[in-house]
Amino acid sequence: MAKLEELQDIVVQTRRDILRMVHNVNSGHPGGSLGCTEFLVALYNEVMELKEGFNMDGEGEDLFFLSNGHISPVFYSVLARKGYFPVEELGTFRLINSRLQGHPTTHEGLPGVRVASGSLGQGMSVGIGAALAKKLNGDDHLVYTLHGDGELQEGQNWEAIMYAAGNKVDNLISTIDRNGQQIDGPTSKVLPMGDLTQKFEAFGWDVVEVAEGNDLEAVIAGLKEAKSRTGKGKPVCIMLDTVMGHGVDFMMHTHAWHGKAPNDEQLATALSQNPETLGDY
Amino acid sequence: MKKYIDQGKNDTRSGYGAAMTELGRSNPNVVALCADLVASLKIQPFIDENPDRFFQIGIAEANMMGIAAGLTIGGKIPFASTFANFATGRVYDQIRQSIAYSGKNVKICASHAGITLGEDGATHQILEDIGLMKMLPGMVVINPCDYNQTKAATLAIADYVGPVYLRFGRPKVANFTPVDQKFEIGKALMLNEGSDVTIVATGHLVWEALKAAETLEQQGVSAEVINIHTIKPLDEEAVLKSVKKTGCIVTCEEHNYLGGLGESISGLLASQHPTPQEFVATKDTFGESGTPEQLMEKYGLNNKAIENAVLRVMKRK
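Heads up: the protein sequence lines correspond to chains A and B, in order.
Residue numbers for the first sequence follow the UniProt record's numbering, beginning at 1 and rising by one.
Residue numbers for the second sequence follow the UniProt record's numbering, beginning at 1 and rising by one.
I should point out that these hints are in silico values taken from the structure, not numbers from a laboratory.
Accuracy of the hints is not assured; some may be wrong.
Claimed, not checked - Partner residues are not named here, just some residues of chain B that face chain A (Cβ under 8 Å, in silico):
id, residue
1, Asn63
2, Gly70
3, Gln94
4, Ser102
5, Pro233
Glycine included, every Cβ here is placed at the ideal spot set by N, Cα and C.
One chain only, chain A, in its complex shape (with noise of 0.2 Å):
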C-alpha cells in the first residue's frame, strides 16, 4: 500500500486543481468533484489493478467509468496526475481545441476516458457491457463505475440495477456518490428517493456502506470489501456518504457550488485550505 499521507497528498493537490481549473473558465462543478477527491484518488492510485498506458479494450486490468460526467475536473486531475496525460494540460479544461472537454468524452482521444458521459443515467449500462465483455474474455478484473445519488433519477438506472443482479455481473462495483444534493436542492426535497441502500439490496446487489466517505482509510477499506465480496454471484455497490464540496469550508453542505466557479478572492481562500503538495501544474 502507498504510505497513506502520499495519497493524501494527491488528494489535497487534486482539489487545488479541481479549484484552479474551474476557476479558470469561470465554469464547471467544483461541489461533486471535491466530494469524490478521496474515492477516486483511492481508486486509481490504490485499488484498481492498472497497465502502463492506456488501450481502449483495457483487456488484463481494472475499468472504470464516471457515469456522472459533470465532475470531469476530479476525473481529469486524477487521471494526469496518475500520468495518461501531462499534468499540464490540466490548463486547458474548457477552453477550445482541448481533450479537455467540459464533460469526459473519446471524441478528443483522451487517454483514460473510455466513454462519453454527462447525460446523466447511462454509465451502469456501459459497465455491465465492459464486464460482460471480460467474463466472455476469461478476463478476471473489474469493472468499477461512479454515479451521483440525484443520478439515480434517471431510469435507466434501474434497468441496469436489475439487469445486474438478475445477470449475476459479480465483476461490477457500482459507487453511488450519495452526497444528499443537486443541482435544484437536498435530494430529498428535489425528489426524495427513500432508502437507496435496500433498494439496492431489494433489487440483488450486495451493498458496502461507507459512512465516512472523505476519510481516505475509510474510502480504502470499502473499497478493499466490496472487492472481496465480487465474483460471488451478486453485484456490488458501494454507497458512500460524502459531503458535497468537501475540503472547502464555504463550499460544504451546500447545492450552491454544484456547479458554480470560485470568484479570485474565494480561490484564494479555498486553495489556503488546501495547501500545495505535488506542485500546481
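Could you slot chain B onto chain A? The hints should help.
Chain B in isolation, oriented as in the chain A frame:
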C-alpha cells in the same frame, strides 16, 4: 428493361436472422442483444448455437444500448436488435452519447420499420427513424430492399468498424437481388438504365420502383432505377451522374419525406445540380392499422404512386 425475378417472398428480418446465424459461426467477436423480441428478430438459431454470446436484456432498450456500447470495450461487435421505433426514438440520447459520440462499434439492427409493420398501428410504425439516425455524426444508415440484400448487409456491417443503423421490416416481400451478392456500404446499385427519369428507392420501395418502371416502359417512358440501400453515406456520384442524364428524379422510401432519403438527395441536388424532384414518402403523418398493402396504397407508397410521381416530375423538366 432488365427483368428481375422474385425468387419467393420472404421477410427482410429473416435475412437478418440468417446472417446472424452465419456470423455466429464465422466471427467469434459478434455478440447479439435483444429486448424481448427474439422471435420477431429471427435470431433463435444464433442463440441456440452461441448461448454465451447472446444477451437477453428484457424490455429495457436504453440499458441495451448502453450494454452494447460497453461490450465494444473488450473487442466485441454487438448487434443490438429490436423494433425500429424502440431502437431509435425511444433511446435517442443513449445512442447519441454512449454510441455515436463515443464512436462505439455497435450495430443497431431495427426490424418492423415503416408503415408495413401493419396492424399494430402508428405506435409501432416509425417513419422518422432514418432522419433521427442520419442526423447523428458518424452514423451509417442502411435500409436494404429484400431478404438477400438484408442478409448481405448484415454480414458486411460486421466487417465495418463504427456505429451502424440497419433498418429492415416485417412483411414478406419480393426477394429479387442475387443470393450471394457482395454488399458495399455506400454504393448505390444501378438496377435499370433509362433516359427520361431517375427513380431512386430504398428498402421495400425498390421492388415497387421496378414494377413502376415496367409499366412506364409500356407507356414509352424510359426510367432509370437505382437502389440506394445506404442512405448515409450517400452515393452522391451515382445520383448526380443519373440526373445529369435524365433531368428529373423521383425518390421513394417508406419514411416521412422530412428527414429521409429524399431530403438527403434534395440537399445534394440543390447545392450541386438543381433538378426537379418528387417525393414518394409519407407526408409528415403518423400511420395507422391495416394490412401492409392497404397502408402502402393509402399512404402513397406503392408502384402506382411512383408512376404518378414520375409523370408529374417529367412535366417539370
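Cross-check of the supplied hints:
no.	hint	verdict
1	Asn63	4 Å, holds
2	Gly70	2 Å, holds
3	Gln94	6 Å, holds
4	Ser102	5 Å, holds
5	Pro233	19 Å, violated
Comparing the model with each numbered hint stated earlier shows that hint 5 is the single one that does not hold.
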